[in-house]
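Sequences are here, hints too, so could you generate the full structure?
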Amino acid sequence: MIVGIVGLGLIGGSLGLELRSQGYRVLGVSRKAATCERAMARGAVDGAAVDYGILASADLVFLCPPIGAIPATLTQLLPHLQPQAILTDVGSVKASIVEAIAPLWPRFIGGHPMAGTADQGIEAAHLGLFRDAPYILTPTATTPPDCVAAMTAIIQALGSHLYTCSPADHDQAVAAISHVPVFVSAALIANCEQEPDPQVRKLAQAFASSGFRDTSRVGGGNPELGRMMAQYNATALGRSLRAYRDRLDHLITQLEQQDWDHLEAFFTTTAAARPAYVAPHSPPSPPTHQPGPAGGGL
Numbered sequence: 008m009i010v011g012i013v014g015l016g017l018i019g020g021s022l023g024l025e026l027r028s029q030g031y032r033v034l035g036v037s038r039k040a041a042t043c044e045r046a047m048a049r050g051a052v053d054g055a056a057v058d059y060g061i062l063a064s065a066d067l068v069f070l071c072p073p074i075g076a077i078p079a080t081l082t083q084l085l086p087h088l089q090p091q092a093i094l095t096d097v098g099s100v101k102a103s104i105v106e107a108i109a110p111l112w113p114r115f116i117g118g119h120p121m122a123g124t125a126d127q128g129i130e131a132a133h134l135g136l137f138r139d140a141p142y143i144l145t146p147t148a149t150t151p152p153d154c155v156a157a158m159t160a161i162i163q164a165l166g167s168h169l170y171t172c173s174p175a176d177h178d179q180a181v182a183a184i185s186h187v188p189v190f191v192s193a194a195l196i197a198n199c200e201q202e203p204d205p206q207v208r209k210l211a212q213a214f215a216s217s218g219f220r221d222t223s224r225v226g227g228g229n230p231e232l233g234r235m236m237a238q239y240n241a242t243a244l245g246r247s248l249r250a251y252r253d254r255l256d257h258l259i260t261q262l263e264q265q266d267w268d269h270l271e272a273f274f275t276t277t278a279a280a281r282p283a284y285v286a287p288h289s290p291p292s293p294p295t296h297q298p299g300p301a302g303g304g305l
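Count the sequence shown with this note's numbering and you get residues 8 to 305, in order.
Because the hints were derived from the structure by calculation, they are not lab data.
There's no promise every hint is true.
To be verified - Pair by pair, the computed Cβ-Cβ distance ranges are:
| no. | residue 1 | residue 2 | range |
| --- | --- | --- | --- |
| 1 | A48 | T260 | 56 to 62 Å |
| 2 | T124 | A164 | 18 to 24 Å |
| 3 | Y251 | G135 | 45 to 51 Å |
| 4 | D126 | A280 | 28 to 34 Å |
| 5 | D58 | T149 | 45 to 51 Å |
| 6 | A131 | L111 | 27 to 33 Å |
| 7 | Q29 | V207 | 51 to 57 Å |
| 8 | A160 | Q83 | 26 to 32 Å |
| 9 | T222 | A63 | 44 to 50 Å |
| 10 | D58 | A164 | 53 to 59 Å |
| 11 | A283 | Q261 | 21 to 27 Å |
C-beta: ideal position from N, C-alpha, C; glycine also.
Given below as structure tokens:
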């Protein structure tokens, strides 16, 4: 199988490194010739170019640009794909992407590797990024079974844990555990910056330790990614943010009422619930093809 990758950054570059180590031939496309040269030098691809024509022989192509760049990318890519090529993406939003791409290329299957680092670009790419991480596929009723089978083999080669769900369910779940934390974390930083007393703000900066670093990390990341989360997952993100705001309002009420017993009970509940989200998970059972609606437009 020949694998194509559009976008040779952290995710695209790491995919290339991993798949080449598994014996796949990998071809890449980047907007910058320098990135193509660096990807080849690092061994992330067998060949790379700024011209999409290099992907004419690819059996499977990963779309790895920012979500907002996908429409323009598709316009340039689709004329070069062979008819039986499988197309997938790695975006953190699925409903809008599936709705936009599936009518244009029936052999498309939405994907989302839940992996990444604070660093970006081809220099950040490395082996092992996807190992033991969840990798979600979002097939629909029209997704060809062989596309699911091909991606399942790829994901197994990456050492990831494969899950399947509908695009809409994916977006709501990811809003709760990935997108809302980015907004909450950014709001925490902004809240500190809005402290009116300069001396208190300087003390806060001096006192900040591991707790603040942990809770503020994702809010101090890529601004473009934060915008894309909001723009392309607005409904699910809004629903989760409103639920979070309601929980904060409830806690403020208990604080104002000095309801210490209920506050302690709340923290007892959250302490018991946290391991289900952060403890190492056993690999899931073999996935079944559970198609769902594609969702809203891109």
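Hint-by-hint comparison with the structure:
1. A48 with T260: 56 to 62 Å: Because 59 Å falls inside the window, the suggested range holds.
2. T124 with A164: 18 to 24 Å: Holds, since T124 and A164 (Cβ atoms, about 21 Å apart) stay within the stated range.
3. Y251 with G135: 45 to 51 Å: 33 Å, violated
4. D126 with A280: 28 to 34 Å: Given a distance of about 31 Å, which is inside 28 to 34 Å, the answer is holds.
5. D58 with T149: 45 to 51 Å: 31 Å, violated
6. A131 with L111: 27 to 33 Å: For A131 and L111 the Cβ distance comes to about 31 Å; the hint holds.
7. Q29 with V207: 51 to 57 Å: 54 Å, holds
8. A160 with Q83: 26 to 32 Å: For A160 and Q83 the Cβ distance comes to about 28 Å; the hint holds.
9. T222 with A63: 44 to 50 Å: 47 Å, holds
10. D58 with A164: 53 to 59 Å: 27 Å, violated
11. A283 with Q261: 21 to 27 Å: 24 Å, holds
Against the hints set out earlier in the document, violations occur for numbers 3, 5, 10.
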